[in-house]
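Protein chains: 4
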Amino acid sequence: MSRNPRCRVAVVGATGVAGQQFLVSLDRNPWFEVVALAASERSAGKPYIDAITSPGGHVGWACEGEVPKAFAQVPVVDAVDLNLDGVDLVFSAVESDAARALEEKFAPRVPVVSTSSAFRYEDDVPVIVPGVNHDHAGIIKRQQKERGWKGFVTPIPNCTTTGLVVALAPLARTFGLRGVIVTSMQALSGAGRSPGVSAMDALDNIIPYIPKEEEKVQIEASKILGRLEGDQIVPLDIPVSATCTRVNVRDGHTLCVSASLGRPADLDEVKEALRNFGLQFVDLGLPSTPPEIIRVTEQPDRPQPRIDRLVNDGMTTVVGRIRADSVLENGVKWILLSHNTKLGAAKGAISVAEYLLHTGLV
Amino acid sequence: MSRNPRCRVAVVGATGVAGQQFLVSLDRNPWFEVVALAASERSAGKPYIDAITSPGGHVGWACEGEVPKAFAQVPVVDAVDLNLDGVDLVFSAVESDAARALEEKFAPRVPVVSTSSAFRYEDDVPVIVPGVNHDHAGIIKRQQKERGWKGFVTPIPNCTTTGLVVALAPLARTFGLRGVIVTSMQALSGAGRSPGVSAMDALDNIIPYIPKEEEKVQIEASKILGRLEGDQIVPLDIPVSATCTRVNVRDGHTLCVSASLGRPADLDEVKEALRNFGLQFVDLGLPSTPPEIIRVTEQPDRPQPRIDRLVNDGMTTVVGRIRADSVLENGVKWILLSHNTKLGAAKGAISVAEYLLHTGLV
Amino acid sequence: MSRNPRCRVAVVGATGVAGQQFLVSLDRNPWFEVVALAASERSAGKPYIDAITSPGGHVGWACEGEVPKAFAQVPVVDAVDLNLDGVDLVFSAVESDAARALEEKFAPRVPVVSTSSAFRYEDDVPVIVPGVNHDHAGIIKRQQKERGWKGFVTPIPNCTTTGLVVALAPLARTFGLRGVIVTSMQALSGAGRSPGVSAMDALDNIIPYIPKEEEKVQIEASKILGRLEGDQIVPLDIPVSATCTRVNVRDGHTLCVSASLGRPADLDEVKEALRNFGLQFVDLGLPSTPPEIIRVTEQPDRPQPRIDRLVNDGMTTVVGRIRADSVLENGVKWILLSHNTKLGAAKGAISVAEYLLHTGLV
Amino acid sequence: MSRNPRCRVAVVGATGVAGQQFLVSLDRNPWFEVVALAASERSAGKPYIDAITSPGGHVGWACEGEVPKAFAQVPVVDAVDLNLDGVDLVFSAVESDAARALEEKFAPRVPVVSTSSAFRYEDDVPVIVPGVNHDHAGIIKRQQKERGWKGFVTPIPNCTTTGLVVALAPLARTFGLRGVIVTSMQALSGAGRSPGVSAMDALDNIIPYIPKEEEKVQIEASKILGRLEGDQIVPLDIPVSATCTRVNVRDGHTLCVSASLGRPADLDEVKEALRNFGLQFVDLGLPSTPPEIIRVTEQPDRPQPRIDRLVNDGMTTVVGRIRADSVLENGVKWILLSHNTKLGAAKGAISVAEYLLHTGLV
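Protein chains in written order, with this note's numbering: chain A, 966 to 1327; chain B, 966 to 1327; chain C, 966 to 1327; chain D, 966 to 1327.
Careful: at least some of the hints might be erroneous.
You can't tell identical chains apart in this list, so a pair holds if it fits in one copy or across any two.
Claimed, not checked - DSBU-like, lysine-lysine: derived pairs with alpha carbons at most 35 Å apart: (1) Lys1011 - Lys1236; (2) Lys1106 - Lys1011; (3) Lys1177 - Lys1110; (4) Lys1236 - Lys1177; (5) Lys1236 - Lys1034; (6) Lys1115 - Lys1011; (7) Lys1177 - Lys1070; (8) Lys1034 - Lys1177; (9) Lys1070 - Lys1110; (10) Lys1034 - Lys1011; (11) Lys1115 - Lys1236; (12) Lys1236 - Lys1110; (13) Lys1177 - Lys1106; (14) Lys1110 - Lys1034.
Rather than coming from a laboratory, the hints here were simulated on the basis of the structure.
None of the values given here were measured: they were computed from a predicted structure.
Sequences are here, hints too, so could you generate the full structure?
Put into structure tokens, the structure is as follows:
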């Protein structure tokens, strides 16, 4: 499946870590053509490579490899002045404080797929994880109608929520779900790099707290696991008890999850539900969708972030150590690994945009 | 309180990491006099410093600081030939495979306080955490009688269990306890150093599995939290669902715990129960007992292993982030930090021995 | 350029870290067909995947990604029983103690390209770095003749030497070379994984000593930088003062080098000599040769191991911070990064084999 | 030796990392009484503990242990309003941009001992390393006279210079010194924490560049190793070729040094010169002076930062791997470890102040 002509996109917040990840993923994507890079006023007018280079010559590029050649010399525009003529879609990688104002400026004219939290908690805004709840896109028409927008806003969730819901969704649908206890060991890249986590705090240490993260996981997971009824999303009303910590791992969030299912399930049934999850979505053949939404590993000491985070370029969630949980009713527990800056950020957002293109919403 | 004459001890397994930690703690302990260092046949006859030095000159000393001067030149004896005349107590830091045979050899004659798991699961053997269940020492007489031993064996628990039960004990007693879900992020030193964890596996990674650890935590926690009835320990019959992982932290196990209490408790009550725990034991004034068994921290991002592991030389368990758990009935959750090679190993064992001396059992 | 039929190779020491790296590189190589995997007696008879899997289920695979599918089920043979019929070349990744005996067994019949040091210091054995001194292959005929072998042995150097000589060679040829002072900060993977460096030693630390490494660098660099005269290699008789340390980096050796040149050279000349180096070798178009032997970076804070080690799949040496050295006569200094398990090990050896095929020596 | 009454000091820049280190060291120092804590306007008026606590409750304390009780509730004053009545000495831990103006404000009235570089390169300002060149204090009178100051300024050097000169000084005096090549592997704490090094840059990496560091080492080392002639310091006019890198170590700078001596010296002579260095200074019995300025280790794999950095509370420089350097004339090389935030920062400055008190200059 190829698209002709390609969808023309602007990347807003292009100089930050999340924005850079957009560029890396878009550089190789057959469906999108990047027609504008936008950032703050400070970067405006500079070629992209200069905008991320310090006066001392340090290139502030946080991704693997070099700055893609296609973007190095593109002049960056001030996001508030971004000209939307000829732009079919905006990818917003703006940090949340500035995100609301900017996205509110773009969405009346073009679709905005965002990694920011600005709109996540609004009733008429879906929070989509590809393969999990793409049907929630069904409320976008309502968002457009109620707000009088030609475009719309679709944020992706917090990166910790993403990994959690990918494995919960098949269990919730197959067995029902009563409650979830999760401890996360989150990677450094989730905190960005300016300033992000100080090396002095990370080395030989765990930081047992990430501000607002646990609340986000509760609210976002309930919304994503909710069902679409007409043009409403009815959240799944279950408790999600999260403990979120930061560990000295570069990429890849590890989650230790215990879930109380709606009915007894033996472990083979659980594994089968996980393995079979999302096959129909995979069959859509969208460019950024991996061949398997979930990989179940039977190796006793897996998943490990360094080994498993790049399975299918970070778009597959790897689940291992599936065991009974002796405390919860119909309790099952597992450890999963989700790539926080691939599926959990830019590439996940691109995957959402591909689905929206596929359905004709963009 | 001082003791005169001092208790004469042999350290068996003195060349390993756990044995080295015994030496560090005993070097400054007013109650014990080290009269013998024993290890495997390979070390026998060598001065201690030579026994831990490789042919290439590398000194295999895994503790902070240098080898205590008092021990550097002491000749190491073969553990199987250890002469127990003039030995009042044996500290056993032998790895578990060899531990059973050796401890069985010593215990008929002298008390053995051990960090190994060899005898932990036997009915007439207490597994003691100082300040938590020292009353379990009450079954030692039965052990001696039934086995016809003049000495006895008292192991300390697995280091992960130690931290867990310190915080659970006051809650179990004050509110009752129905079940516990715990995720551990364990330090490298818990795996020893020969070979221990490979640096290639530890860097930028989490190892989500520690063989047999989760089973140990279930069984040992139940036993330690059990009550002494006559000369029996009746385990606390509750589910303990553990997920044990290894992180790139040198010392200090971090545990994220969710507990279902026997009755509703508000968080202030929980904190008070934790803060007041073990005050009577502290008042005994034993040399290795810290001034507080538990420290409750109100800082939002604590405990952290690098910062908090050496509170009271690693003998205090630091508990923070005490919150309600929304999934469990009467649910409370917290994060705790326990020093796995201090309270959780040699110094914990020494603290047990001090209590046994105090009670006259040694 | 393609070859038909492909060269049939056996990988000996296939289960170790170096052997695994051979498999990863050979899996994608168009010139070689792996026809046998050999290892120690312990692995013999098992499918490869089982041979590297522990009884507990841990898969001892040290490379990125999974075990290549092509090799997982191949039965491993005992290296001492390796049948050389139908084998055109042996890649030896055997650790040095066992390497001499095995290589001496194979070389009389087939060419052996080895990562071990067993034969490096013999007069009739070239130590080849592709693009640097491949002409040294000229002494192989003498080796065959003197030893009466149909095959031969060609080792690659120690991985620290490799990076050093790549940048020294063009300077030695262009300006002359009087002496070199080098401090290396070597990656963990250079020490292997069984046991390799303990995580307890690596974390928050530098190990300032690697046994025998500094001597190897002196001898091997002199030999590689030497010139072929007839069927003799005349070593470059200059002092190479090395200080070798181990740092907590997974892959990629960083070398800080100060060199005394034979004549004054300004920095632009030096950079030009580096940039132009090996272009003719590159033009041979061998499969594992990168498009640039040396990349000179002008960024002030580069090369960095995490960022630069995978330039051209680890086959390009990245050189930065080229400055005058104020102490040495005609002094120049730089920092370079060389991938120790790519160019410095298996893939470097494969590249040598490609050259030997190209020349008809294999 | 005790002092009565104690010297009353103000710590300026008390809330930063260097300032915190002053507080830790001063808390246990018998000679100094902290009478004022000063910082920027933002902290003014707040109790110290509040000044370092974020709105979210995070306590920005970068040192081991807790904030010393003696200082937690002391109100911080705005440095520009610091009242010098009743202040005998100022310790300045101000970052260099602000340091010049502030120190210029204080020095006319009271002595200022500073960790900043603001005044290091002025002709009438000594840069003192205790035990190395304390005689340079002899130019302070000239500074006071020429500037018309009652007080004065004495900075300590850059932390990398400190370790370097401690080992160079005895060799320069005993054998003469012609030139030095040094590669540093510097700890994270040298870069501070706001922002300091990002954990994403530090993990699995080396940063091969520290802005301005190499120039500082050249200039400062020459000055410190210079000789006092009358009221002039005559720098030692030798080349110092430095390569400064940042590694993932928390504390302790490791330096690999090659030196060209003024005359041939065998390694035993070198070791003796190092071991005997500073004995007279030690005999002064100043509180922060360690019992040995230099410790020479014969262990093959030492010094290591994690093991050796706290020798004598970080005030002793540990030198190991002393070998001949084959490239330099009369070449000797070694590896040394120097604690960058103890001797190399606050505690080094306190040690200087103790010497100035001892001599009557304060």
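If the cutoff is 35 Å on CA atoms, where do Lys1177 and Lys1106 land: within, between, both or neither? Let me know, please. Close inside one copy (30 Å), not across copies (54 Å); limit 35 Å.
How would you classify Lys1011 and Lys1236 at a CA-CA limit of 35 Å: within, between, both, or neither? Close across copies (29 Å), not inside one copy (51 Å); limit 35 Å.
At 35 Å max between alpha carbons, let me know whether Lys1236 reaches Lys1034 within a copy, between copies, both or neither. Between. Shortest inter-copy distance 23 Å satisfies the 35 Å Cα cut-off; intra-copy 43 Å does not.
I want to check one pair: Lys1236 and Lys1177. Are their C-alpha atoms no more than 35 Å apart within a copy, between two copies, both, or neither? both (32 Å within a copy, 23 Å between copies)
For Lys1070 and Lys1110, with the copy left unspecified, which applies at a CA distance of at most 35 Å: within, between, both, or neither? within (17 Å within a copy, 65 Å between copies)
Using 35 Å as the alpha-carbon threshold, which applies to Lys1177 and Lys1070: within, between, both, or neither? within (26 Å within a copy, 44 Å between copies)
Intra- versus inter-copy proximity for Lys1034 and Lys1110 (alpha-carbon distance at most 35 Å): Neither: 40 Å inside a copy, 52 Å across copies.
If the cut is 35 Å between Cα atoms, do Lys1177 and Lys1110 qualify within a copy, between copies, both or neither? Intra 32 Å, inter 58 Å, cutoff 35 Å: intra-copy only.
Up to 35 Å CA-CA - Lys1011 versus Lys1034, copy category: Cα proximity of Lys1034 and Lys1011: one copy only (16 Å, versus 47 Å across).
Using 35 Å as the alpha carbon limit, work out where Lys1115 and Lys1011 are close: within a copy, between copies, both or neither. Classified as within; 31 Å inside a copy, 52 Å across copies.
I want to check one pair: Lys1115 and Lys1236. Are their C-alpha atoms no more than 35 Å apart within a copy, between two copies, both, or neither? Intra 43 Å, inter 54 Å, cutoff 35 Å: neither.
Cα distance capped at 35 Å. Does Lys1236 pair with Lys1110 within a copy, between copies, both, or neither? neither (41 Å within a copy, 51 Å between copies)
Violated hints, listed in ascending order, are 2, 11, 12 and 14; each of the other numbered hints is respected by the structure.
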